[in-house]
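K.L.:
If you're matching them up, the sequences are chains A and B in order.
Residue numbering for the first sequence is 1 to 108, as defined by our numbering.
Residue numbering for the second sequence is 1 to 108, as defined by our numbering.
It is possible that part of the hints are untrue.
Where chains are identical, the list cannot tell them apart; a pair therefore holds if satisfied intra-copy or between any two copies.
Stated by the list, open to error - No farther apart than 25 Å at their CA atoms in a straight line, the calculated lysine to any residue pairs in the SDA-like style are these:
(1) 39 - 15
(2) 35 - 23
(3) 35 - 56
(4) 92 - 40
(5) 92 - 16
(6) 39 - 80
(7) 39 - 106
(8) 92 - 24
In short, the hints are calculated from the structure, not lab data.
There are 2 protein chains.
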Amino acid sequence: MSYFQRHIFFCLNQRDNGENCCAQHGAQAAFDHCKASVKAAGLAGVGGVRVNKAGCLDRCAGGPVAVVYPDAVWYSFVDNSDIDEIVDSHLKNGQVVERLVLPDSVGR
Amino acid sequence: MSYFQRHIFFCLNQRDNGENCCAQHGAQAAFDHCKASVKAAGLAGVGGVRVNKAGCLDRCAGGPVAVVYPDAVWYSFVDNSDIDEIVDSHLKNGQVVERLVLPDSVGR
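Same shape as in the complex, but just chain A:
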């Protein structure tokens, strides 16, 4: 069994050279909202859900992005309602939110 049932990593990478990065697209706010929502729902902790900061996940073209492991499901999101859906559907109930899944063709 996985130490965390589901472990979601948000790319919070900040580029200072003018290149595109998740930090320019609301990644920190989405992370904060996810973290607070998971905690409020009582999902946080060992055997439950961990919401984690990450550096560049190298799929910048789809940013902002997050990945849920061990499921290995990648998401691109726009606003807090997308995050709410990921929390309620996937992190809580294990149902992938298909409309937000990042296609494999989207890379750096």
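With chain A fixed as given, assemble chain B onto it according to the hints.
P.N.:
Then chain B, alone, in the frame of chain A:
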């Protein structure tokens, strides 16, 4: 199939309040060594291995720590030779390095 065959996250968390953290225990050097080794071995990239920075993974008592997904295998390491073994055995060949696995009892 997973976008990255294996995705390893290193906790690089730095605490400035005097509490224990992975950054005090060589985490950045281990990350750098792993990243360079994976690249040199030709393992890096889509369908291969991604070596990633992460924030606090919340298993500070075992730090420095890293986790390999989607396998969900957690490691605690001491030096570059430990990292070499994780790269050669696990990231390249899928064989878990049992002697470095972090017991489930080790948490924050």
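K.L.:
Which of the numbered hints above does this structure break?
P.N.:
5 and 8
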